[in-house]
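K.L.:
Sequence order for the protein chains is A and B.
Just so you know, we're using this note's numbering here: the first sequence kicks off at 1208 and counts up by one.
Just so you know, we're using this note's numbering here: the second sequence kicks off at 1208 and counts up by one.
Take these hints with a grain of salt, some might be off.
Identical copies look the same in the list; a pair holds intra-copy or inter-copy alike.
Calculated cross-link-like contacts (lysine to aspartate or glutamate; reagent style EDC-like; alpha-carbon spacing at most 20 Å) [unchecked claim]:
| hint | residue 1 | residue 2 |
| --- | --- | --- |
| 1 | K1618 | D1363 |
| 2 | K1617 | D1363 |
| 3 | K1318 | E1296 |
| 4 | K1585 | D1425 |
What the hints contain is simulated information worked out from the structure, not anything from laboratory work.
Protein chains: 2
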Amino acid sequence: MHFDPRWDVIEEQYGRNSGHYESIFTLANGYLGTRGATEEGYWGRVSGTYLAGLFDAAPREVTELANLPDWLSVELNLAGEAFDLTTGEILDYFRVLRLKDGVLERFVRWKSPRGRISQLRFLRFVSIYDQHLAALRIEVIPEDYSGTIHVRSRLDGQVTNSGTQHFAAVEASTFGERGIYLISESYEQRHLVVQAASHRAEGEILREEFANGPRRMDYSLELAGQEGVTNVLEKLVTTFSSRDLEFEGRQKSQEMLFRRTVKGNREAEREGFASQLAKHREAWAKLWNKADLTLDGPDFDQLALRFSIFHMIQMAPWQDHRVSVSAKGLSGEGYRGHVFWDTEIFILPFFLYVFPEEARLQLRYRHHTLPGALRKAKENGYEGAMFAWESADTGDETTPTVGAIDFRTKKPIPILCGEIEQHITADIAYAISHYLHVTGDREFLQNYGADVVLLGARFWASRVEYNSALDSYEIRNVIGPDEYKEHVDNNYYTNFLVQKHLLLAQELMVDPQCRQTADYWGFTAEEAKKWAEVAQKIRLPRQGDLLEQFDGFFELNAIDVLQYRDTPGTLQRAYGWREINQAQVLKQADVIMLLHLFPDEFTPEEKRANWDFYEPKTMHDSSLSAAMHSVVASDLGLSQEAYAYFEKASRIDLGNALMNSGHGLHAASLGGLWQAAVHGFAGVRVKDQVLKLNPRLPENWSELKFNLQVGTSLLRIEVTQEQAVIALIPADPSGEAVQAVQVRIGDEVVILNQDCDSVRVCY
Amino acid sequence: MHFDPRWDVIEEQYGRNSGHYESIFTLANGYLGTRGATEEGYWGRVSGTYLAGLFDAAPREVTELANLPDWLSVELNLAGEAFDLTTGEILDYFRVLRLKDGVLERFVRWKSPRGRISQLRFLRFVSIYDQHLAALRIEVIPEDYSGTIHVRSRLDGQVTNSGTQHFAAVEASTFGERGIYLISESYEQRHLVVQAASHRAEGEILREEFANGPRRMDYSLELAGQEGVTNVLEKLVTTFSSRDLEFEGRQKSQEMLFRRTVKGNREAEREGFASQLAKHREAWAKLWNKADLTLDGPDFDQLALRFSIFHMIQMAPWQDHRVSVSAKGLSGEGYRGHVFWDTEIFILPFFLYVFPEEARLQLRYRHHTLPGALRKAKENGYEGAMFAWESADTGDETTPTVGAIDFRTKKPIPILCGEIEQHITADIAYAISHYLHVTGDREFLQNYGADVVLLGARFWASRVEYNSALDSYEIRNVIGPDEYKEHVDNNYYTNFLVQKHLLLAQELMVDPQCRQTADYWGFTAEEAKKWAEVAQKIRLPRQGDLLEQFDGFFELNAIDVLQYRDTPGTLQRAYGWREINQAQVLKQADVIMLLHLFPDEFTPEEKRANWDFYEPKTMHDSSLSAAMHSVVASDLGLSQEAYAYFEKASRIDLGNALMNSGHGLHAASLGGLWQAAVHGFAGVRVKDQVLKLNPRLPENWSELKFNLQVGTSLLRIEVTQEQAVIALIPADPSGEAVQAVQVRIGDEVVILNQDCDSVRVCY
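Full structure from sequences and hints, please.
P.N.:
In structure tokens:
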């Protein structure tokens, strides 16, 4: 078996971190995602399958992505013995996620308890070509025996979200010759889901049977296994939900959905597994052609970046503006499928520069969920749009209000983020601004962006409090990005982003393309004037070059953070929650985030001073921290630190040490890693569609190559230790004409166009 | 380790029939039952814990006994390796259910994957002394190493009924030093359940911690395991539900329930595990003193009878008239905890003769659920009380309306029992009559029995149809005991029981003690006259000595049943459902049931003719069949057949072959086995409190001894191949005075009293 260390993520041993591998081996297409669970069952197996945006809430619980009936389930019995890797002996084993093809493979050479040896090969994909299709193929070769191979393939609705059942079975039966289907309806929202699975076998079929149980449909098959002969089962699964009809403006109809699902499945069956797989691979090839980022450096670095890109592509809703990328994508139950600031600040940039149409959809999600944000503001006594810290389908706040129990008080610890971690609204405005700078998409601004920015500004104007003693506007009682600190006043990060948000809103008020929006919501020049005043007088606490994370941070107790940093939990054991709240220790980048988001707004001296002050105080107890530190370290010319933080970030999901991705991938970190390479090592920044490049590759990388889109221009960027080449990529003949793009490298400014389509700069 | 083959049920090998052993190793006290799941988790583990009568229904599903949060869960990590029997090597192993003590033990000598050997001993009981208490004790001895023993003990609410979640977590926290609790509320009925677990450890404690997750509370403990030293964890668990408050006529109160649970648990903790275990053992000793049945014969026969008695005692609600014994007791999800005719006809007799107070409670359950029976009659267009085929908490019909899918039509097969298997109402009247014959309990009749019998008779009078051509009353379109036959007219069994029911009701109408009841419900002499007429003219189809199972049975096709009988599924494969419905093949005893229930109503010739006709046509495709055939064979003097059927029945749950009790014990068969011994081999029958004995022991049994209660007299019965001894057991000095009892053996009649307190009869 050939593995490519720059493309293939490998599990070499059957082991106990099954949850971790289930997450990192997730296959998805932005519509449907399935964790990398085994076909056969084991204790602790979590076979999550989720449809983007299909949320449901159990009584007394917050809404969550509902785990769909399990389509993977296939139990094998080989000549009377259950195929079970916890029994017998594993002679050969690997699992490999082939990032290039979007395929998960497993190979096992297994000696049964009675000593019979079988070879088994499993192959699986979730089609990126046809978002409703998922498929698996199982090959079994009895190596040294002949005997009946019994296959039980299932659509299993007896799954839950950690014990929470979301679906009732509505109907289950068969179709065609070897098809089974299951129709489920969610309890709360009454979403209908139809799943249809067809089967094809190779081998001598002895018997076939259907069976059903509570919320289950089984197809079972007996093959006369002959020594040395390959037996095959292929399973093609089609999934539709009533949200698809809703997307098309149709009424919910079980009959319509059922026909559509079976029709889709029968077409896929007619074409066959191999043909569907070929289409899927071709679609991935196209995506990689655009999105790949190659480097000449350690294989692991290359693999980690591709792993990030791969999973971000899998998480992205490619057609649906009603959903966005959640904190775990479609890879697990962690954070219940909710959307955080992670999306706009960590994940969006990749799409913004590579798939701007997809970035646009993600921002349209915020527009789509404005009603929830308007409700949240109202419920909290404010005006305008206050976005949810955790957002699901409607945009209403879905952050749980309590979390783990504090065993000293015996009460659950309140989770305050939903109430007071408010920077999300300004983060969204920042992302819209970023999107406009890169794409220049005025149509988006007019139809979606202006609503969000203006209504958000109205919220901030109602939120700030005037301090007459200081003649300043304050935002008291918030949580900033550093979640160790609750109930702080004037978090610098928050206030700075609010300032930028208000200034952007003020600009839009004089933009003719936003006129209609402003009129619709009744915005006045008066109101805009207030924004300008607030922006001008908003409190931004600092001492000299040092930005103060919030009022009073500099007065907090200093503690020796570094001794706890690399051993999770030790800080919490040494200090109580209240003490941590009162000490100069950060969970994650806070002021540092700002240096990343607004690199032109601070002097090199300011940046350095703040780095020196905050970096040693940061625990990186959040997966959002390391990559951001890498970008800022690159900016500061701290090449070794930049690379060290890149390495740290690259190992959050993919490293062999942590293995803590059981509840899902750390999507923000995946996005952050891409930013560490592109914003950090390549020094890419775009303002008003002018590309600025400032490369500083890690010592052990000799080259970095990737594509970007700025405005409507596609660019190829190749950076080495000595030089950078930027080239216009000729547009698809059928596409729009290539436009000019302005590029700055160091102090040099070049305009690329048809006449001069590339530039090489040495440094 | 010493095992007693007449008391101990042993699993000798760690194996794959975990569900089967979980059922047969169920521990219960009639209030709370817990399946014999392992403490640590494995794929397929079903750790059901149920409270009698605590039902809940998911949307679109029938109400079911809701699976409580798992109190058994304890995960062990031994010097860095998870204790997991699917890994490493098992050097020694057994599990044993000690019927005498009501204790489940497990011993494992286990070599970890890294080669470290540990001895582990698990002991568990569900207190029969304190129905709210359950407990387990774990001992770990590191045999050849020293290293940290990490114990994670849990109250785990992430359990479901095959994927159906019934409980939301209301509150979870800690109490005392090492106590954890979980408060849950069921979704539909809003039953509150409070579970509190305290812990005690022996060993060097390194660290203790609490943790919580969704619907989970954990206590975790690290012990410094020393080579050769025994480490211990004891876990005492107390459970209360809001049904307890309801029973006392109190309002639901979370606070009250919580206090009661914690108080109960702390008291148990103060007394300690050993003391609680001693009380439990003592309570079992008392129960066995009354209920044991000993035989001089094969150990397995002895064990099987004790196994039956043990589990029947465990299933019985000892204090609560609102619940009865369900088809699976508290041992699994099969039949969803519903109560069938199994209770009155198969299970009740054991209690009737041994624990009449308990039998009374079971019959009171039917009185308690009269409102549901009245509703069912009304909904079906009848009068009076029509009892549910499957009954849960309210007495409303809870039989599912569809079952497995017929893959020819692709539609689910309708389950018609809830609608047309109607004999249950007459079965209940039969059981009341039986109860009155044995106990002479007039108070029961007046307060409970009369309501049930009279309202049931009113139902039958509205149910029958008059056939003027034959001048007979008919009951058309029913299912009799033989469930292979649907939509039959005039099932002999049903009609015969209806006749008896109506005659009993007619009697009660002239019984002064039932006057008040009759007046209350407005029964008139007119109505009673109608009952007499119906009883007289009810159609009972027969040809000579042969009773016809239903109209037209004798015209059905004969098929060779015997060739399919011992290979389940083959009949169904050879014939379609419709053909089986049209053939002379029985799923289970039908006419034969009648011969058992009314042994005096048929001549020996009639019995023999019907046996010869029906027995070879019966598949015994129901666990209700074999034991009944044993009783009737005894009555017919077919000693070999009687013993063969006894053997068959004794292996339904306990045999090594079938292993099909995964969804729960076959309670009816357990009760049937006791009847096969007492009604069959000993030939015990009681009419008007006169005991009749007609012993015919199996060849290989030399003696059978047991106790019975007739009226208020306790009797000791000892039967051998040659003689029988019946003796009055002196009453507890504090109890009622011993009364006289009349005994018939063969043609001899004896009166036992203080003067002559025993009789020996040789034959």
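K.L.:
Take the hints in turn and mark each one as holding or not.
P.N.:
Tested hints:
no.: 1; hint: K1618 with D1363; verdict: between (37 Å within a copy, 18 Å between copies)
no.: 2; hint: K1617 with D1363; verdict: between (39 Å within a copy, 18 Å between copies)
no.: 3; hint: K1318 with E1296; verdict: both (5 Å within a copy, 16 Å between copies)
no.: 4; hint: K1585 with D1425; verdict: neither (50 Å within a copy, 39 Å between copies)
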